[in-house]
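Listed below are the residues making up each chain.
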Amino acid sequence: MRRPLELWGRWFGNGSTSLVAALFLASTLACRSPESSASLSLLTSLPPSDVEVLQKELHSVTASWRTVSVKVRSVPARVLEEATGAFTPPTESNSWDLALVPSSWLLRLEKRQAILEVPIHHVQRLSQAVSPLALLAANAQGKILGYPLSINVPVLFLNPQFFPEVPTSLAALVATPLPPGVFPLGLDLRTPSTVFPLLEGGKTTQGDQNVAAGTNALKELLAKLGPKARLTLQLWTVPYAESAQAQLFVEGKLAAFVGGPRAAALMETVKAPYLVVSIPPWCESCQAPKPWAQVTVVVVNSFCPFPDLAEKLALELTSPDRNVRLNLAMNTLPVVGGAEESEILAQNPFLFRFRRALDMATVMTLDETSETWQQWELALERFLADQTNGNVPKGDG
Amino acid sequence: MRRLGSSLLHQLTFSHLLVALLLSLGLGGVVLASVWSQARASERRLLESSAALAGERVASELRRLEETRNGLARAMAQRRVVGSLEDILWLQQVLSYTDVDRIEVFSDLSRVVEAYAFLPGGSPSLQTPWFPPHPQVAALLQDGKPVTWVQWPEGGDPSVKAARRIAATTGSATYVVVTVALRPSWLAALPPGVGGSLLVRGQRALSWPAGNPGSSGLLPRLRMQQSIVRLDDDTPLGLELEASGVFLEQALGPALRGGALLALASLVLALLLGHSFARRLLAPLEDLLEGTAAMARGHLTVRLPVRRQDELGALTREFNRMADEIRTTYLGVISTLAEVVEAKSHYTREHIERVERLAMATAKVLEERGWARWSSHQKFILSVASILHDVGKIAIGNDILNKPGPLSSSERQEILSHPEVGGNIVERMGKLERAAEIIRACHEHFDGSGYPRGLKGDQIPLEARIILAVDAFDAMTQVRPYSQARPLQEAIAELRAEAGKQFDPVVVEALIEVVQREAQGQPLSSHNSSGFYRSLSEDSGETQITGL
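So the sequences go chain by chain: A and B. If you're matching positions, the first sequence starts at 1 in this note's numbering and goes up one per residue. If you're matching positions, the second sequence starts at 1 in this note's numbering and goes up one per residue.
Honestly, the hints are just simulated from the structure, not real lab data. Some hints here could point you the wrong way.
Heads up, simulated SDA-like pairs for lysine to any residue below, C-alpha to C-alpha not over 20 Å straight-line [claimed, not checked]:
1) A:290 - A:169
2) A:253 - B:86
3) B:145 - B:234
4) A:271 - B:128
5) A:253 - B:83
Build the full structure now, drawing on both the sequences and the hints.
Right under this line is the structure:
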């Protein structure tokens, strides 16, 4: 070995060492193996327009990673629930690495060991990036199980032309005189985030059961509506009621309805006058309900082959700029807090009205499989059956 | 000298590297061009298949829109639509079942009722401001035909609308118009690595990103356009697709890596071989440089080996010829001087020949016995010194030089000065300083009793000690004007008697070996010991430059 080295040194001198090192380094770089690529699938039940927004945002995240591709798949909510809650490992048809789910599903998914807990170093970043309410929503049994993405909080939209003063209760609202052809109130009785605050507000005493009190209050409201009761009930139970109510509100055919930021975005687009207040109690003597905030979170499948990448991707969606851009495009409330949130609210006055409701909101942890909701659905079906059979309570007018 | 050699060596090596690099680049360029061409062809095929997929998807969306329109028209034929709340809720239910964004019902030219979802369906730009929008559409509707057209208001969202006349249940003509906003998801069929836009009247109405990992975006992207369908209002729908270049990069990556590896190997090989070739090529030049420098130092016996038969070999031969001519000229001068000395005394000519021959032979014996070692140049100097050791006698008058009787004091003094005079003469010839030094000491005795400076032992150059002993031996064995020739054994005995006194004992023994060999008929055959003086006119033969 010494002889070749001596020969080499004699031929090329001391400078050869750096030359050899450079050649070796260059050959090493030239021969390095190409990086492998990973493909992730995100499952959601968002509407197509929101899917496109989300897909674009994910593309912008992974563009700099170069080895990761993400595809967003939109499925009906029921399919999403079945896919995420499955006990068996994912197959090709229902596979998912990440999913957008209501925070109220987290506990159930955790019990089925379907999702991964957020790593502690991500929790630290989340606690700095997102609002406490959003982080609370992602918490189940002391574990952070998802990355908060957006918040939806139902409020009461009022047409200021019909309500010079803000009604103090829903009963007072429906009693307000309105022009012919204008319906006083829109509700979505098939959506938990709308119904739960109403159920809470329907209680007159601590002893009242939620569902029973809500059903009674509903009967009273319909009784006050009189001849309009049948159509109003149809309005309250139509699929995607919030969409229909928002259109009627814009066209001046509906005086008030319960909706979220998406409805507000529509009002802003079509430049319809509106006022946003917290949902009042059913009656004057009823207790004021708390607004219920529904937080959408990103969860990572426990069978995901690239958990680190999936978690990193989910965390990226909570970065202030990205989260704001994404939520503004989807017409939902961002989860970021602090200065970023203030800036967003300053730029988007209509969201500021939701901020007041959000200040008092509590996280909705009850989901559609809860006993309370099942009881309410049963009571509502009975009520609708009674209405069909002509047992709708007679109103005063 | 080394710097010049190193510089040429580096330049030649660098030229080899440069040629190897250029060859590698050229070869790599050809390979890359081939890979590029094949990858581009693959991308073109991918774009063509993607265009077919995306075109089918767009056509499918249009068919779904038209099926929704037709189904709605059939359903509404059984329903009297008057724009009531129930109509709106019914249309909202229809909206929830379908993918359309807006449903409008017109009676003649007036909108009776409409239903729309949240954005983008709620966008005012999706509303049909005029119905029918074009005379062409109106004519088709008038004929009872279904129509599909594009609405794209300035600053608004593009959408596709489909209308159909509802089977008349009343006197007035009623039409249903369904609208769907142009969504990027229409291009979701595009595979990863292909992005594109839907063109409406040549304008980009929506875009779908390539959404692929691994593309650096550095390479130019391949694009293609393809028309899909022409709607009833003569609006052409088309596709503009773009390959992200990821497949090109994936194809070029291994080629680039392989090419880089090959280029590196070529460069290393070129470095090694180029350096070796350059050294071989420059070897004659280095010989010439060293030979020229030796000539400049007075090494007149330099002769370079002719290693090549090319221009460098010719240059080496010309150098040798030039060195021979210089040496011949030099020796001619020496010869002339020697002949001048010969001319002053008739017996001195043979004496000079014998002294030179014996001196060279003695030096050879000393070399053989390991007492000394001379280079060819040093032997040349010894030869010159032995030839010209009595050149100082030129300055001595012939009357003194050939005087048969005893010399007077002044005459003796003149004789004693001849070594110094001889040294001065030789020194002025240039490049023979060593020979001059030897000549000055040719009459110094080993014990310090000699002249002109009284040097002794090692202070006296070995060559001078040899010449002194040889000169004395020749004087004893040859007839002189003032003495008779003595027998060999007597001369040897005399030499031994004077060893350590007048002569160096080692030199004496070497000289005795020489003369004894000659007496036995075994003279030393070395060229250098055979008498340089006699061969002045002959070619002295090649002499390696090594050991100068």
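Notebook entry, point to check: Among the hints numbered above, which are violated by the structure, and what are their numbers in rising order?
Noted result: Violated hints: none at all, because every hint is consistent with the structure.
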